[in-house]
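Undergrad: Here's the letter readout for the chains.
There are 2 protein chains.
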Amino acid sequence: MHAENIREHLRKFTRLPHLAGTLQNLRLAEQIQKEWLAFGLDSAELVWYDVLLSYPNGTKPNYISIVDQHGEEFFKSLLAEPVPEGYEDLTDIVPPYSAFSAQGKPEGDLVYVNYGRTEDFFKLDREMGINCTGKIVIARYGKIFRGNKVKNAMLAGAKGIVLYSDPADYSAVGVEPYPAGWNLPGGGAQRGNVLNLNGAGDPLTPGYPAKEYTYRFSPEEGLGLPKIPVHPIGYNDAARLLKNMGGTASPPDWKGALNVSYNIGPGFSDDSKRNIRMTIHTYNQVTRIYNVIGKIRGAQEPDRYVILGGHRDAWVFGGIDPISGAAVVHEIAQASGKLMQRGWRPRRTLIFASWDAEEFGLLGSTEWAEDNAKILQDRAVAYINADSAIEGMYTLRVDCTPSLQTLVYDVTKQVGSPEVGEEGMSLYDSWHKRDNWTDNRDAPRINKLGSGSDFEAYFIRLGIASARARYTKNRKDTYSNYPVYHSVYETYEIVEHFYDPTFQRLLAVARVRGGLIFHLADAPILPLNCLEYAHALIQYAHGILKIAQKHPEAMQRYTVSFDALFSAVNNFTNAANDFHQRLKKVDTTDLLAVRMVNDQLMYLERAFIDPLGLPDRPFYRHIIFAPSSHNKYAGESFPGIYDALFDIESAVDPARAWDEVKRQISIAAFTVNAASNTLNPVA
Amino acid sequence: MHAENIREHLRKFTRLPHLAGTLQNLRLAEQIQKEWLAFGLDSAELVWYDVLLSYPNGTKPNYISIVDQHGEEFFKSLLAEPVPEGYEDLTDIVPPYSAFSAQGKPEGDLVYVNYGRTEDFFKLDREMGINCTGKIVIARYGKIFRGNKVKNAMLAGAKGIVLYSDPADYSAVGVEPYPAGWNLPGGGAQRGNVLNLNGAGDPLTPGYPAKEYTYRFSPEEGLGLPKIPVHPIGYNDAARLLKNMGGTASPPDWKGALNVSYNIGPGFSDDSKRNIRMTIHTYNQVTRIYNVIGKIRGAQEPDRYVILGGHRDAWVFGGIDPISGAAVVHEIAQASGKLMQRGWRPRRTLIFASWDAEEFGLLGSTEWAEDNAKILQDRAVAYINADSAIEGMYTLRVDCTPSLQTLVYDVTKQVGSPEVGEEGMSLYDSWHKRDNWTDNRDAPRINKLGSGSDFEAYFIRLGIASARARYTKNRKDTYSNYPVYHSVYETYEIVEHFYDPTFQRLLAVARVRGGLIFHLADAPILPLNCLEYAHALIQYAHGILKIAQKHPEAMQRYTVSFDALFSAVNNFTNAANDFHQRLKKVDTTDLLAVRMVNDQLMYLERAFIDPLGLPDRPFYRHIIFAPSSHNKYAGESFPGIYDALFDIESAVDPARAWDEVKRQISIAAFTVNAASNTLNPVA
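Residue numbers (full-length UniProt numbering), protein chains in the order written: chain A, 1 to 683; chain B, 1 to 683.
Just chain A, same shape as in the assembly (with noise of 0.2 Å):
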């Protein structure tokens, strides 16, 4: 693999915008096509879906505007971002706007929520006694997935919000605005969906295809559709918004980095007969999408699949998000060709997938993923995730299932920085000095895999053991995702100039993602360790108890004990270990022994899958990995615990939420406990 080639990707799938459900993402469905099979691959095939997506009106444009006692507009926000050099003949650049927001024009008082969660609602309310019904909303982005900050405001009753980008969160301290830097100028504005799909994909198809016989729900029953307008602004504009707001004043930790006082209102301080009107004629427009999906076919085990896959539909043109990750995966297809020219074909077999309509809620990848549902179960070993695969300039960044960790540091031990100055070193060692994970070894720290890309529906519905890697931002920087994320400056020349002149960065990156999958696809003993499973197990359980334990005199009141948890992952440890002292003895030789415990490694993941789902979340099914209902715990292990725990803060009856935490604990004790016995001897 080579780092020009990577470039000239880049480059290529730059050019124009190729937003999800346009012409011109088909045909770049295509170029990956008719490439891919140039390259060697066996097969390479569009797949279709008709999912629902959703455009600003081509006529009529989205704004908010500040209107007087007569109603008149005095102000409205900008209709769209200024266009980068180079890119000003473009006429199909979407303007920055909220996918699946409902139409209308709401019309009232603003209120400043902060980053609209959770505990942002429930300051206002209990603390500060502001009441957000029938207001507009106005909500920093940053810190919980936008879709929530929309679901939060619907729940305090606002009638819109409005989203905006602070500096305090997009920009990086001493950095310019792009061009000149790599920070989001003041008219810049992050677009993006406001769904809460849950794992659901298509919202009008959910658990099953979007395919031409498929039955569709109404536009009105759609699955996490957002009932009130949202809308997206720059900074520039919010500024404007908030420079006179009046009303009660915010909290030390509530101020953003703008010069105004960020007051909460509701309303204006210096006229009270101001209003915030939002104007909204987005509509939502069933529309078809194409995956990409190519195959190399494994010679001796062709019924095991490895799967790398990232999507290809940008917002605009997707410099970093998503084609940093495309070209890589570009790259990693280019150089399987060339090692089956020379004779190679992969033990399994792999597949290589560009999703489409990823940002629009994961709708291509999800798709396929219910298209192959039962497939997938029988036959996936892993998938491997390739979104952006570059979001700073710092070091490797890894969210894997605990089973790969492994994997992933022998694959960084063989890769080379990417650093100047560190020729020689090897990513790993490059990788540990920054970012060591010191909390639990002295090794590169990886994270959980949380939600927000295609590897969701495969990980999370379907139990498939996942990864992600890409270059990262020191961790000490405060800024929300990269400054210009979903806006118009995620060009090329932002890749290029700034984040990563050399290419050397994302072909570590493709050297990661290429190792991983080439491994897991060629080597005889699956590289899944289930050591680490347990020891992750152990820390999760430890991390779950330490938070119910906050409330010691309940958990004596309502007999809350953890103990049959502990006993499962004692279970499980035991089982691991026996395991691998069996693994270790196993006849390589024989090769229906060596299937049976890849079987018992591939299929340790789909024992964590409950097909009953999490409580009001069907498609949420990994009883240890799941998004937490409430921002609070994101990240968090034993979703299901986690959100029965946090909901005892707002119980109207303890006992029996209580009761919840107690039927989730005996859940999870059960999915640990038959995880174990996955890897017991199977007779």
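One or more hints might be untrue.
With a Cα cut of at most 30 Å, we get these calculated DSBU-like pairs of lysine-lysine [unchecked claim]:
(1) K76/B to K60/B
(2) K546/A to K211/B
(3) K295/B to K585/A
(4) K273/A to K105/A
(5) K227/B to K76/B
(6) K448/A to K550/A
(7) K374/B to K585/A
(8) K546/B to K211/A
(9) K143/A to K448/A
(10) K374/B to K662/A
(11) K550/B to K211/A
(12) K584/B to K295/A
(13) K211/B to K550/A
(14) K123/B to K273/B
(15) K211/A to K662/B
(16) K211/B to K662/A
(17) K476/A to K255/A
(18) K243/B to K123/B
(19) K295/B to K584/A
(20) K374/B to K584/A
(21) K227/B to K662/A
(22) K295/A to K585/B
(23) K374/B to K448/A
(24) K227/A to K662/B
Derived from the structure by calculation, the hints contain no laboratory data.
For this one, chain A is given, so just place chain B on it according to the hints.
TA: Quick look at chain B alone, frame taken from chain A:
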């Protein structure tokens, strides 16, 4: 295998009552465990669960009475059945009762509701104008599961329901009551549970095994428990209750064979002040039950399981139900042990199961399925059910998944007919002669799997290819079950004197059940036939279309089309044909190639499982086979579509009801397509 051995097993296992949850049934489990180990099985263990059972109060009997205007009981139903000769000294024969009945003493007018089917209550309500609200209803046993009668009575507003065995349904013509013959005596009554579990297993732990750490619903939240008292009586007592019924006359087909008017009521004609009173003290109690699980480890593929399972618990002696079946399992286990002494070991693992508490809602088998769901999904090749091995004296009866039909035919061609005068004739020919499948092919009839025995969780929840086989009555005989079903008269002697004096019929069933598991465990290529599945799906699709076409106008108005389903069935047929062609060319010396096609065959049945379940029945997940919610279509295929079509008849909003039909067609089409994909080339 020897008839004499089966006779001895039956004799030995039926000396004492062994109701689930009693010490005798634990002792019997221990005995079976010990004997299986002595036979030479690799292991045999007791596996316990703590499930909700239901027993009559030992000191306060249940009964039905007629009370006069002063509330005096001047007639009381029998408190127990007359005990058959030779068993008089036993103290622990449980009297007839409806397990899980609510407690209470409801009193009111009696209404005769025929079989208590949906259509019977429709007729009462719509044609006769008889309101059951606040009434006690009396229903005759037969046609549908008793739990559905109770559910229908509750829906109709009844405050209690009496169940009785009418001679029209529980006496064969020209046969004497036991002990002179095998008909039900007038004092006999049918025990049985009256739950509506829909596959949930233990009512307090749906979805999870009832272990020590498992969260339990409170008894009031228990799944499927009736809210009204229920009690079964014999036909002598029923005649007394029905004798002087007043009110409307019965339609001709509502009349049974008692010498009474079968007037519907409400109330009595001779004295309207008389009431019926039910006195029910039955109580529910969490009780420990024990499965016996025996294993013979497979030599080449220990991680592939073939399961032979049947229940051990009986209402009283279980001469027919279940010990005629358990004796057969015991003989198969013994025969396996003998083969092992000669050096045999099956290619795949054999699992023998003696289930507990089947009579209380398939509890032992369902809890074990829940406990082992993950490894069963990964590894189970087939489940062969072994409930009662005989229910008549006429010929073989087989219910199985389509893919097992070919094996059933092959096995029965290798077994001899047990009928006198058919020496040298195969069981296949004997069966063919007596029950030709004329509406399908010139071969013995094979039925679809319904529900009502322990295969349910394995087949309908987990999607494991399943079959059951027993000796049965002539289809032309109109009585339900066999007359003494669930009464104290199910003794060893009724089998020895009437059903199978030479034990040749039970031996033939043993050879069928045994032949199935030995072939499934030993054949290098799994004897599962996907072409038969294709053939069946075509028929089922035509069957369901025909029912829908009873509403041609509505189908047009609501644009209801079955095209997607037929297209999917066509895809499946093509995939099955292609698979079958490829199968012929498989290099049987290529261990991984053989394993691959076997996995496709094994997972085919799994492909029909929808993790989301059928509407409102999360544990019925098989899209092709599940009991219908409505008795009218019991035993039909595509239960989701059938139920939706049924609901049209009582729909308030026909547009919405037809929309649900369309949704169910879409789900069925998707599932059949997904199943086709599992048969397609793997890469």
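Undergrad: Against each hint, give a clear statement of whether it holds in the structure.
TA: Status of each hint after checking the structure:
1. K76/B to K60/B: holds, 14 Å
2. K546/A to K211/B: holds, 25 Å
3. K295/B to K585/A: holds, 24 Å
4. K273/A to K105/A: Distance ~18 Å between K273/A and K105/A Cα, so the pair holds.
5. K227/B to K76/B: Cα-Cα ~23 Å, so holds.
6. K448/A to K550/A: Given pair K448/A, K550/A holds - Cα atoms ~24 Å apart, limit 30 Å.
7. K374/B to K585/A: holds, 25 Å
8. K546/B to K211/A: holds, 25 Å
9. K143/A to K448/A: Holds, at about 17 Å.
10. K374/B to K662/A: It holds: about 23 Å lies between the C-alpha atoms, which stays within 30 Å.
11. K550/B to K211/A: holds, 28 Å
12. K584/B to K295/A: It holds: about 26 Å lies between the C-alpha atoms, which stays within 30 Å.
13. K211/B to K550/A: holds, 28 Å
14. K123/B to K273/B: Holds, because 26 Å separates the two Cα atoms, which is no more than 30 Å.
15. K211/A to K662/B: Status holds; Cα separation ~14 Å.
16. K211/B to K662/A: holds, 14 Å
17. K476/A to K255/A: Holds, at roughly 19 Å.
18. K243/B to K123/B: holds, 22 Å
19. K295/B to K584/A: Roughly 26 Å between the alpha carbons, so the hint for K295/B and K584/A holds.
20. K374/B to K584/A: With Cα atoms ~24 Å apart, K374/B and K584/A stay inside 30 Å; holds.
21. K227/B to K662/A: Status holds; Cα separation ~27 Å.
22. K295/A to K585/B: With Cα atoms ~24 Å apart, K295/A and K585/B stay inside 30 Å; holds.
23. K374/B to K448/A: Measuring from Cα to Cα gives roughly 24 Å; hence the hint holds.
24. K227/A to K662/B: Measuring from Cα to Cα gives roughly 27 Å; hence the hint holds.
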